[in-house]
Each structure stands twice: as structure tokens, then as C-alpha cells.
Amino acid sequence: MPKVVMLAELAAIAGWREQTYNADRLVDLRAQLEKDNPTLGETLSASRVRVIVNDVLVHGDQGLNPEDEVAFITPVSGG
Amino acid sequence: MIRLEDETIDPGALLNAFNADRAATGAVVAFTGLTRGATDGAPVTRLEIDAYPRYTRKVMAELEAETRSRFIVQDVLVAHRWGRVEVGEAIVFIAVAAEHRRVAFEAADFLMDQLKTRAPFWKKETGPDGERWIEARPQDHDDAARWTAGDR
Chain A
10 MPKVVMLAEL AAIAGWREQT YNADRLVDLR AQLEKDNPTL GETLSASRVR VIVNDVLVHG
70 DQGLNPEDEV AFITPVSGG
Chain B
18 MIRLEDETID PGALLNAFNA DRAATGAVVA FTGLTRGATD GAPVTRLEID AYPRYTRKVM
78 AELEAETRSR FIVQDVLVAH RWGRVEVGEA IVFIAVAAEH RRVAFEAADF LMDQLKTRAP
138 FWKKETGPDG ERWIEARPQD HDDAARWTAG DR
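Just so you know, the sequences run in chain order A and B. According to the numbering used here, the first sequence is numbered sequentially starting from 10. According to the numbering used here, the second sequence is numbered sequentially starting from 18.
A portion of the hints provided could be inaccurate.
[Claimed, not checked] Only pairs whose alpha carbons sit at most 30 Å apart, straight line, appear in this in silico DSBU-like list of lysine-lysine:
1. 12(A) <-> 75(B)
2. 12(A) <-> 44(A)
3. 12(A) <-> 141(B)
4. 75(B) <-> 141(B)
5. 44(A) <-> 141(B)
[As the list claims (entries may be wrong)] Quick list of the computed label-pair ranges, beta carbon to beta carbon:
6. 10(A) <-> 40(B): 50 to 58 Å
7. 87(B) <-> 56(A): 23 to 31 Å
8. 56(A) <-> 59(B): 26 to 34 Å
9. 33(A) <-> 60(B): 44 to 52 Å
Please keep in mind that the hints were generated in silico from the structure rather than gathered at the bench. C-beta: ideal position from N, C-alpha, C; glycine also.
Given these sequences and hints, build the entire structure.
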């Protein structure tokens, strides 16, 4: 099952940092996250939140493999 | 070279090591970013930096590679903290070595602008009024935009 990672304030809202979800598409994963935690689901649907699958930024929906790692991130503040 | 550090960064030690054995280098420019005790007048007692280590290292390496391809530099070092950082401690240290100073200054300036707006770190400040997550400021994005096409 794909591993889901929440970073920074998203981890605080979710109440967890890593969890596995039985999802074979990103839209399916988003629906499950929303169902489990509507506040988190709403936050994740904002345009400021980006999705990274296996260390690559993705846009829109895509298929997920069991070994994939999906991370949700907010705007960065490095340096 | 990039370093993601979960322990205190010692900018002086990093700079001395970076400067060693450089017969071909005429200029080293170094920058240290410190944890401020206040942001926009609001006191900060603690800073926590979150990272997504494998992805963070990947993007830091990409930013180093962009700096090396854009400027004629001899060496680049980026050390960035994550985890809990105390006020006054270094968050980031960069050093750039080049044959002459101008390109070293420019490359260091470019690299910091990219780190501020693109490096996957997330900062949470804690103060008397509670916690707040901070994002790159509009000024940071304006600074980074200086390097895009048409400006040079």
C-alpha cells in the first residue's frame, strides 16, 4: 500500500506524519483522507498544497503503485 | 556539496575547512543565516524546521547544480539545519569559491534566493503569542525572480 507523508503544518492537522493507505489513484487517496479527517481534506484541496510522488512534484491525478510514497507539502521556507 | 544537519552548524569551522588547500581560488564568499529573536516585532523563543529529508536533499542538490551551471565557480557548499534551532544559531551556511570575487558574490546571492523560495524546509516559530508556520515572504519571491530570463 502506498505510504502517505504529511509535512509540517499538515502533519499537525492530520495528527500523524506517515501512514499507509489502500489507494490506487491520487483522487481515491484524497477521498479517503477527506473521509477520515474533513478538516485535513479541505486543507489538502487548497492550491497552496502540493503533492510529491516518489520525490517528484505531480499535478492532477495519477495512478499509485503499492510501493509509492505520496507526500503533501505546503509552501516552503528555506534558508 | 550539500549537508542537511540535525546538529548545530559551526559556520567558522565550515568556512575554515572550505578555504583550505585552494591554490586556484581567488575568492570565497560565505553567507550565514541566523535565527532571529523577533520577526516583524513579534518575539521568537524557538524555531523548529521540518524537512522531508530525501526530497529535501534532492532539491538542495538541484539548486547546487543550477548554481554551478549558471556561474563559473570552483566549489559550492550548502549546510542547512533542520529540527529545533535556538535563537542566534545558524540555520543555513553557504560558501562559494571562484577565481574572482564578482562571480562568487553573484553565485552566493543566486543560491540563497533559490534556497529561500525552493528548498523544502518548513519553519515554525514559537513565541509568547503561540506558534506560527512561516512561508517565504513576497520579497523573497521578488529576489528570486531577479534571476529569471530577461533580467540578465
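How the hints compare with the structure:
{"no.": "1", "hint": "12(A) <-> 75(B)", "result": "19 Å, holds"}
{"no.": "2", "hint": "12(A) <-> 44(A)", "result": "17 Å, holds"}
{"no.": "3", "hint": "12(A) <-> 141(B)", "result": "25 Å, holds"}
{"no.": "4", "hint": "75(B) <-> 141(B)", "result": "22 Å, holds"}
{"no.": "5", "hint": "44(A) <-> 141(B)", "result": "28 Å, holds"}
{"no.": "6", "hint": "10(A) <-> 40(B): 50 to 58 Å", "result": "55 Å, holds"}
{"no.": "7", "hint": "87(B) <-> 56(A): 23 to 31 Å", "result": "29 Å, holds"}
{"no.": "8", "hint": "56(A) <-> 59(B): 26 to 34 Å", "result": "27 Å, holds"}
{"no.": "9", "hint": "33(A) <-> 60(B): 44 to 52 Å", "result": "48 Å, holds"}
Of the numbered hints stated above, none is contradicted by the structure.
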